[in-house]
Amino acid sequence: MHHEKFPLYQAAHSAGDLQEAAKGWQRDGRAKDAMNLWGQPLEWEDVAWAREWHDRITDWLERDGVRRAFVFKLARIASMHERVSTKLSRRSDLTEEQVRRRVRHERWLWTLVYYLAKESEELQPELQRLRDELVDRDRIRCLGTLARWVELSTR
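Everything in the sequence shown is counted per my numbering, starting at 5 for the first residue and increasing by one.
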């Protein structure tokens with residue numbers, strides 16, 4: 005997303021780069037089964053997941069009194085995860101599985117648990133489900149995109 009004065013040809017070039025990144029996506033033997041949101045290729049199942057949680061978090065912000073700081077905390081956790089994941093994957097002495105195991109036990113996890121536990125008691129069952137999906141189903145890789153989407157749609 006660019007401002008109104010951004011040159012159209014540069015926006016088109018940027019969109020083409022994002023499309024190529026989505027086409028180059030591969031995971032678990034599958035390829036080209038993704039779209040690109042804000043610079044991150046997401047497979048279609050992840051987009052559906054993000055949509056569900058986007059709607060739910062937006063509803064919390066509008067109706068349940070959850071503060072916007074919650075969204076920025078989620079973005080911070082996503083950034084922590086991305087940083088440690090990138091740092092560990094650069095190490096040549098670790099296999100992909102070792103990286104995945106180490107990333108899972110880094111600071112982002114206990115920060116996530118702490119921030120979610122501080123939210124209102126009524127939301128705790130849903131927040132527990134969010135935590136389980138982020139950690140156990142590896143949706144943490146989508147959290148930055150989800151936080152950005154909620155942030156932009158609730159301005």
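Derived by calculation from the structure, the hints in this document are not laboratory data.
Careful, some of the hints might be misleading.
Unchecked claim - Derived DMTMM-like pairs (lysine to aspartate or glutamate); straight-line CA-CA distance at most 20 Å: (1) K77 with E137; (2) K77 with E101; (3) K77 with D136; (4) K122 with E137; (5) K77 with D59; (6) K122 with D136; (7) K91 with E101; (8) K91 with D142; (9) K122 with E86; (10) K77 with E123; (11) K77 with E8; (12) K91 with E125.
Here's how the hints hold up against the structure:
1. K77 with E137: 17 Å, holds
2. K77 with E101: 28 Å, violated
3. K77 with D136: 17 Å, holds
4. K122 with E137: 18 Å, holds
5. K77 with D59: 18 Å, holds
6. K122 with D136: 16 Å, holds
7. K91 with E101: With Cα atoms ~15 Å apart, K91 and E101 stay inside 20 Å; holds.
8. K91 with D142: Since the Cα atoms of K91 and D142 sit roughly 18 Å apart, the hinted pair holds (cutoff 20 Å).
9. K122 with E86: Distance ~23 Å between K122 and E86 Cα, so the pair is violated.
10. K77 with E123: Holds: K77 and E123 sit about 12 Å apart, inside 20 Å.
11. K77 with E8: 29 Å, violated
12. K91 with E125: 36 Å, violated
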